[in-house]
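*Asks:* Let chain U serve as the given structure and place chain Z on it in line with the hints.
Protein chains: 2
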Amino acid sequence: MMRLAPADLRRFVGDCYMAMGMAEDRAALVADSLVQADLWGHASHGVMRTFWYAARIASGATRIDAPVTVEGGLGAVTLLDANDGIGQVAAQEAMERAIAAARVHGIGAVSVRNSGHFGTAMYFTRQAAAAGCVGFLSTNASPAMAPWGGREKRVGNNPWSWAAPAARHPPMVLDIANTAVARGKLYAAKARGEAIPQGWAIDAQGVATTDPADGIAGTILPMAGHKGYAISMIMDMLSGVLSGSGFGPAITGPYMPEGRSGVGHLAIAINIAAVRPLAEFEADMEALIASLKSAPRGEGVEEIFYPGEIEARSEARALAEGIALPADVVTDLTEQGAALGVRFPA
Amino acid sequence: MMRLAPADLRRFVGDCYMAMGMAEDRAALVADSLVQADLWGHASHGVMRTFWYAARIASGATRIDAPVTVEGGLGAVTLLDANDGIGQVAAQEAMERAIAAARVHGIGAVSVRNSGHFGTAMYFTRQAAAAGCVGFLSTNASPAMAPWGGREKRVGNNPWSWAAPAARHPPMVLDIANTAVARGKLYAAKARGEAIPQGWAIDAQGVATTDPADGIAGTILPMAGHKGYAISMIMDMLSGVLSGSGFGPAITGPYMPEGRSGVGHLAIAINIAAVRPLAEFEADMEALIASLKSAPRGEGVEEIFYPGEIEARSEARALAEGIALPADVVTDLTEQGAALGVRFPA
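Those protein sequence lines, which keep their order, are chains U and Z. Under this note's numbering, the first residue of the first sequence is numbered 100, with each subsequent residue one higher. Under this note's numbering, the first residue of the second sequence is numbered 100, with each subsequent residue one higher.
Only chain U is shown next, with the shape it has when bound in the complex:
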């Protein structure tokens, strides 16, 4: 593992994107969203993904200079078209507009069509929390699961996030995908020769399995069974269908070098002060969090966390100690940066 200063990583990633032709402000936004994911301990959405977007940028599937255009709306609602551009750019614009609308109307919603992968949803919903709002953001994603009872991938993991301010505490944040487990855990179990728990996967015939090899040949199950399937469909409805974007099997994932992404998003901000004084809301959030953290703990549990607390704890540590990257990620970033003439920070 190598420890790097967040600012150095941010500059490196931004320079790489500028070398790919991205405007400075957009490169800085995408770089910050990736580094921030590392700060929160979400390495899978961090700088290791820097060049993940590169193939789609090179093929023109992601148009890095596409404008985000206003295509419709009414009152507190706006429809944006991302014109096959960068997901982070569209999500940022959407959340800013939702917050601005919430200041005027008490609540604001921004629907986004023809966008791309935006990284980590909580990067955007936490901005709403910082602005005194409750924030919501959803996206749809490429097929990862079968519909409940099926055996062929047709349903995305369709991530969604809520965030709210919590006074002296970091915000309360939910940010989840609707799959029971990341596919990588099946490969890891197979490598260790271990069985997987019921509820993780079905085999190619659509039958529940505890054999990781059968699960890899089949598909991942939704979290919480049929409930997770239903949640994922609702997020596709909110993100893809409402916006007039792609939905269901029509979405192309960020791993594919070509093909329009087609993903849509929905951003909502609720102005807390439209309901009650923000200070009262925050005092109650403190009391709610205290009721969780003071609960009697299970055997072997050292601390109870409220949602979003682990990420905030991780960030504080990484800001002090630097972001730890595995050697193979450092090698990969160094080589790919060098090919663009961008030097990886020593």
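One should not assume that every hint holds.
[Stated by the list, open to error] Taking lysine-lysine pairs in the DSBU-like style, the calculated list, with each CA pair at most 35 Å apart, reads:
(1) Z:392 to U:289
(2) U:289 to Z:284
(3) U:252 to Z:392
Just so you know, the hints here were simulated from the structure itself, not pulled from any lab data.
*Replies:* Chain Z in isolation, oriented as in the chain U frame:
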């Protein structure tokens, strides 16, 4: 089992509530919400709960004549106080106001404080769908689970629902609580001498268990583990904290004859036509549903359903054949109705 006409049941339940002193329109609303749950096949939220509310009404904990008052708001947002009244009355008012605000502002939100148990969330969100909106409704509830890592009940199951219209199909509907399983299933497994799956419950020491007796002595786990815990906390924030109502351990459940309920709700309606023409949205919903229903099925699966379809199928059957009630529920309703001078339909 006895089959009864929905209209007869609706009249019986409404008459019982009027005999308890409830105004006719309120009695009709609560009766309809219970009968509708039976029509959807959700017997646990159906007419068997008729007298469940009675003890709280008799004690004055639920004030059946309490007005729903406007206490604040801004633009598209309204704050209502249910003044310890009937949950269904408050939720109905909230959803109607959210829909009306969405017509003007594109989106509307209504926060409700000091309410009570409102029955089935989808009873209200489906009204938004019928009005050309996407509807959302959340509520908090009395403690049912430990915070993740804890061993004492401090987190409600905090149900939430989304609904959206789907053209020639009945609406797409999500309506879930955030517990892994209803507590009754632990008692059933214990009675059969069977183990329960991992992920259902922890014992009194907070350790995961597959012994139903240990789970009964302990607490139910959230659906999807820590994800369900986080979702439930977010629903408490949206319902209880945002509205300035009770939250966390301060909520009194509908099983308790006394004590202020303290639950809050949040209703949101998004006017689909503010984003894109409703007919286009609905055509895409049909396509999305078709992609689910046409998926290759798993072994032994006869049909794939989209969220909300099973309830709609159940309703069509029950409207044709009547609502089937178990003999013990019929006996109970007959006796309790007779005590109020209301005759159970033959």
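*Asks:* Within 35 Å, alpha carbon to alpha carbon, are residue 392 of chain Z and residue 289 of chain U?
*Replies:* holds (32 Å)
*Asks:* Sort out whether residue 284 of chain Z lies within 35 Å of residue 289 of chain U, counting only the CA atoms.
*Replies:* holds (33 Å)
*Asks:* Please work out if residue 252 of chain U and residue 392 of chain Z have their alpha carbons no farther apart than 35 Å.
*Replies:* Given that 35 Å is the threshold and the Cα spacing comes to 13 Å, the pair holds.
Consistency with the previously given hints is maintained throughout, with no hint failing.
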